[in-house]
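Asker: Go by the hints and put chain B onto chain A.
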Amino acid sequence: MGPQRAVSVTEAMGSAKRALEQVRLRVVGEVSEFADKPGYRAAYFTVADGGAAMPCLMWRDQYQASGVRLRCGMLVEMTGHFSAYAPKGRLQFVVRDLQLAGEGQLRMQVAELARRLEAEGLMREERKRSLPAYPRRIGLVTSPRGKAVHDVVRTLKRRYPLAEIVFAGVPVEGSDAASAIAAGLRTVAEAGPDLVLLVRGGGSYEDLMPFNAEEVARAVVACPVPVVTGIGHEPDTSIADMVADLRASTPTAAAESAAPAIEEVRAALATTSRRLGRALAHRVQHAEHQVAVLARRPVFTDCSVVVGQAAQALDQAALALHRALPARLEREAERVRYAREGLVRVGPRIGERDAERVAVGAAELDALSPLKVLGRGYAVCYTADGANVVRSAAEVGVGDRVGVRVGSGRLGCIVEEVERSDDGRSGL
Amino acid sequence: MDEAVCKAPDEMAFGEALAELEAIVRGLESGQLELEESMTRYQRGVALLQALQGKLSDAQQKVTALLGEIEADAEGE
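Protein chains in written order, with our numbering: chain A, 23 to 450; chain B, 4 to 80.
Keep in mind that the hints were calculated from the coordinates and are not lab data.
Where a beta carbon is used, it is the ideal one built from N, C-alpha and C, also for glycine.
If a hint is listed, it holds; no wrong ones were tucked in.
Pairs of lysine to aspartate or glutamate residues, derived as EDC-like cross-links and limited to a Cα-Cα distance of at most 16 Å, are as follows:
| id | chain 1 | residue 1 | chain 2 | residue 2 |
| --- | --- | --- | --- | --- |
| 1 | A | Lys110 | A | Glu33 |
| 2 | A | Lys179 | B | Asp61 |
| 3 | B | Lys10 | B | Glu23 |
| 4 | A | Lys179 | A | Glu278 |
| 5 | A | Lys59 | A | Asp83 |
| 6 | B | Lys65 | A | Glu186 |
If you want the ones that stay clear, here's a sample from chain B, every Cβ over 12 Å from chain A, calculated:
| id | residue |
| --- | --- |
| 7 | Cys9 |
| 8 | Lys10 |
| 9 | Ala11 |
Chain A on its own, in the form it takes in the complex (with noise of 0.2 Å):
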């Protein structure tokens, strides 16, 4: 048996080719070189471990449907099969299915700070407050480029223009990127927000890994006024998620619930406005009515109503008066009639007998003046001035003008002897 019949190398590289195929495998490594290029109609790259070095290659299409972006230093668990590129005569493995190695180590690591978080509590419900209705000014933590950043900008603006935004960019990616979020939350925090929002574009599992870094919670979690996330990656809940007070799907949904529309704050304050002018209106309409019952009440149509009583008192007493006052003096005047009458009827018989008294009285008087006694012949002298009776000598001197009055006249006398009776009493 002679040699094997030689093959051209199109044949030789032909055969290897076939016999690579052959070899399915699911392999593990990480991305050492990559190259993606748009013009290629293929993403190739290099896997790596300690030992060995594997060139791969994935058609674009399947290299975009996986979803992963592939960067150098990146662990990555990938299906295919080996081939060769005979031009070059190159080993190349053909991708045929690529995700991230670490994710579901990752998503391991995650879930078990998510309970450590929940059982100190940060996740409770009641711990979560509520936004302001009318925020006037509002933190935004996320990446200075993007989409995300002007998705929330411009619904502000839209909505809510009253409020003021104040700003931290920070790098929403890479190893550095936790600790920046974290800085920017007490950033923002400081300018004084009434609510922060903490939101990022979507993103593979991995890229959102700062949103489930413990420091970034922590941040949250400290932060003085209530927090809305808008990370976007539906499918999955980062822990800032889970600790903010508000999650929402994406950076505009965030922007929407951190403000109300300001066309419907127009409309509240047209309601309001109207309410109180009827509000005023229905008071003043009260005070109206309330007054008008009050003016049709008889006090204030008839000012009888208000001075009857008194002066109906007043009527009383003036026609008592009237009456009083007649029917006094008419009792009065009776009393004097009757007075009268009684005079008249009794004064001439009190005449009567009053005149034989008078008769008897001056008869009686008659027998005793002294006029009678001098009649009988008796004197009786007076003193010169007459006022006195000249009862002994002894109250008259010689010389004394003496008066005597006799039975009828008078005699003025000049004393010119006196002579003391002997009783003694007598004498100067």
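Answerer: The following block gives chain B in isolation, referenced to the frame of chain A:
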């Protein structure tokens, strides 16, 4: 009404002014107030309402960047 509550409407935060206005409207609607008090509160309510409407019409969104500058929207993510 408390003196301290009677801040100048223009100096009040939107939510604060709105809350006071709501309270005034409720008070007036209760019909329990004296007429003079109703008039005073109505005037206060009108002042608040004007301030609020002024804020709405004057509103200009202000964005203050504390960290980083927002890059133009054309940039894709």
